[in-house]
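**Q** Okay, here's what each chain looks like letter by letter:
There are 2 protein chains.
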Amino acid sequence: MKLIKIGMIGFGNVGHGFIQALIEKRTFFRNELGLEFVVTAITDIRYGTIYAPDGLPLKELVSAKDFYGMDPSFYQDWNTIQMIRNAESDVIIELSFTDLKTGEPAVLHCQEALLSGKHVITSNKGPIALHYSMLKGLARDNGVKIGCEGTVMSGTPALRLATDSLLITGISEIKGILNGTTNFILTEMEHGSTYAEALKEAQILGYAEADPSGDVEGFDTAGKIAILSHLVFGTFIKPEDIEREGISDITLDDVQKALKDKLHWKLIGAVKKTENGVEASVKPVLLHEDNPLANIKGAGNAIQYRSDLLGEITLIGPGAGRKETAAALIEDLIHIVQ
Amino acid sequence: MKLIKIGMIGFGNVGHGFIQALIEKRTFFRNELGLEFVVTAITDIRYGTIYAPDGLPLKELVSAKDFYGMDPSFYQDWNTIQMIRNAESDVIIELSFTDLKTGEPAVLHCQEALLSGKHVITSNKGPIALHYSMLKGLARDNGVKIGCEGTVMSGTPALRLATDSLLITGISEIKGILNGTTNFILTEMEHGSTYAEALKEAQILGYAEADPSGDVEGFDTAGKIAILSHLVFGTFIKPEDIEREGISDITLDDVQKALKDKLHWKLIGAVKKTENGVEASVKPVLLHEDNPLANIKGAGNAIQYRSDLLGEITLIGPGAGRKETAAALIEDLIHIVQ
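Top line first, the protein sequences correspond to chains A and B.
Following the working numbering, the numbering of the first sequence begins with -14 at its first residue and continues without gaps.
Following the working numbering, the numbering of the second sequence begins with -14 at its first residue and continues without gaps.
Only chain A is shown next, with the shape it has when bound in the complex (with noise of 0.2 angstroms):
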């Protein structure tokens, strides 16, 4: 038996998903992969830090959602950079929240952690999309891995699809339905609400934020493109530089117009390979109920590999969830460890 401790960034939605996983999972990787894990801290902006070095009581973690309950002798005074850098651990999953911007605090966590000859596994797109190819050479010199499948289609495997299957049949172009809340809205239009009516269930039914344009204007998409870009394709792009247009200009009219030719408004992201490096861009796009992007409905995800052996080849599946990011680490922290 492979003993393996785990240190955590974050403990919301997608932390207790995660540690759910590892309950329900314990004798599928105990007695199938020989593996056991245990998390051995958590820190989280909320509660502070915890730590026992031979494992926290995750099932008590689970239905607590917090650390109030704990044992007063887990508290330990440190902060992120601290935990990563004290509390015994093999690897370290990142999971604070996103920035598109700048990646940080992320960046700095994962930084910290792969020089501290951690592996590290994140569904946090920030540090992915912009600074892929540092955090990649840190783990190369530190002798450790980075595992990314949760950030571009939560556990539905898009990245290792690609990477460890499809590469060498050539990819030369890749095209998805990456945010599942346009996603949602653009159906709910088909079915007769208006952007706006739309928008607003999004929002009742926690898919869309408050203040929704990271969803809306496509950045959200773009972040996964930049991730595709690089992961696929080896090449750095901003997001930022990423032809970028929204959903919020299309009208209920347009929508249904497009139907009755069997035609689909999708926000599609692409990224292609061309002579001048890769080509890249994030917008609505009218696609016939012929292909298999069109026919995706509500909040799923889809996404499109253009191979010159495969021709297309379309994966289609969650692209959020707590259970479903959860899964994406899961499948990450097998992979890195076995």
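Just so you know, these hints were derived from the structure itself, not from any lab.
Some clues are possibly wrong.
Put simply, identical chains are the same to the list, so a pair is met inside one copy or across any two.
Cross-link-like lysine to any residue pairs, in silico, SDA-like; alpha carbons within 25 angstroms at most [as the list claims (entries may be wrong)]:
id, residue 1, residue 2
1, K(-10), L152
2, K282, D293
3, K(-13), T179
4, K86, D293
5, K44, Y32
6, K247, A181
7, K258, R11
8, K44, E73
9, K242, E97
Note that the coordinates shown come from a computational prediction; the quantities given were computed from them, not determined experimentally.
For chain A, the structure is supplied; the task is to place chain B on it using the hints.
**A** Same frame as chain A, now just chain B:
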């Protein structure tokens, strides 16, 4: 640079495609992966065996499409088994014809190669559907590997998606459109052709054979479901024991009536875990247009994995073809030798 020597059994359509891909990807293999591939031997039931320990001339072979113009010194008086034993090679690519009843002669070829300490890569359903456990055991005992991605959806990485990425998410059910010929026929019937007309069209286009029963009666899909059951669930089920119903009783009227209700007839292969092992079937199923499988048109294939962490993941791509099956062989080759 790592030199890999390849022996091939079968020099038909897929064999040509494989060699073509080796030629086209040579620079990529050298520069990106540090791998150099040579084909040292090919045996074909029609042309005999050619052998050159430093590598056969691939470009000449691809343009000739037979052995007749080859340097006479290449000819060897070896049958397939002798080629496997005698030719210098690290990997055997098995591309002989498919027999879903016995798996022969491919089972014998695979056994012989593994016993000789050579990796085996095949797109032949027979040996994998019927004798995967035995072959896997032989491979393990002889320190080599067996690759079979091409047996299910050609180069569309249906098997690798499940076994490398999704397995830890807890797959409970697999469903798919795994036969392009029947999907082409059903699509043509949606466009107004009768079953007989659509079948004839499929035969003209080379999708269906003169005796189409392997496709239209679901035998081909049953073989693929047996492979999925074995590789993903670890449960052997004989193709002939799978509940099976083909599409030949579906009428134009059935298809057109369904269409009016936004329903599509599809030949679905399925296997799911139950308390008593697995339950598998191949039969025509009515799917609502909201299901991604309902929208697969023409000769396309698709597979759906249901898991507790991710819900439904759908992979859409080609399921056959010369280049596409060659891509599967190349994917396996790279994974095995790296």
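**Q** Up to 25 angstroms between alpha-carbons, please classify K(-13) paired with T179: within, between, both or neither.
**A** neither (55 angstroms within a copy, 60 angstroms between copies)
**Q** Can you tell me if K(-10) and L152 fall within 25 angstroms by alpha carbon in one copy, between copies, both or neither?
**A** Cα proximity of K(-10) and L152: across copies only (22 angstroms, versus 32 angstroms in one copy).
**Q** Given a CA cutoff of 25 angstroms, do K86 and D293 count as a within-copy pair, a between-copy pair, both, or neither?
**A** neither (35 angstroms within a copy, 35 angstroms between copies)
**Q** Between K247 and A181, at a C-alpha cutoff of 25 angstroms, which is it: within one copy, between copies, both, or neither?
**A** Result: close within a single copy only, 24 angstroms intra versus 29 angstroms inter.
**Q** When no copy is named, should K258 and R11 be tagged within, between, both, or neither for a Cα gap of at most 25 angstroms?
**A** between (42 angstroms within a copy, 20 angstroms between copies)
**Q** Give the relationship of K44 and Y32 under a CA distance limit of 25 angstroms: within one copy only, between copies only, both, or neither.
**A** Only inside one copy: K44 and Y32 sit 18 angstroms apart there, 66 angstroms across copies, limit 25 angstroms.
**Q** Regarding K242 and E97, is the shortest C-alpha distance of 25 angstroms or less found within a copy, between copies, in both, or in neither?
**A** So K242 and E97 fail the 25 angstroms test inside a copy (53 angstroms) and across (63 angstroms) alike.
**Q** Is it within a copy, between copies, both, or neither that the alpha carbon of K282 lies no farther than 25 angstroms from that of D293?
**A** between (29 angstroms within a copy, 21 angstroms between copies)
**Q** Evaluate K44 and E73 at a C-alpha cut-off of 25 angstroms and name the case that applies: within, between, both or neither.
**A** within (21 angstroms within a copy, 57 angstroms between copies)
Violated hints for the displayed structure, listed by number in ascending order: 3, 4 and 9.
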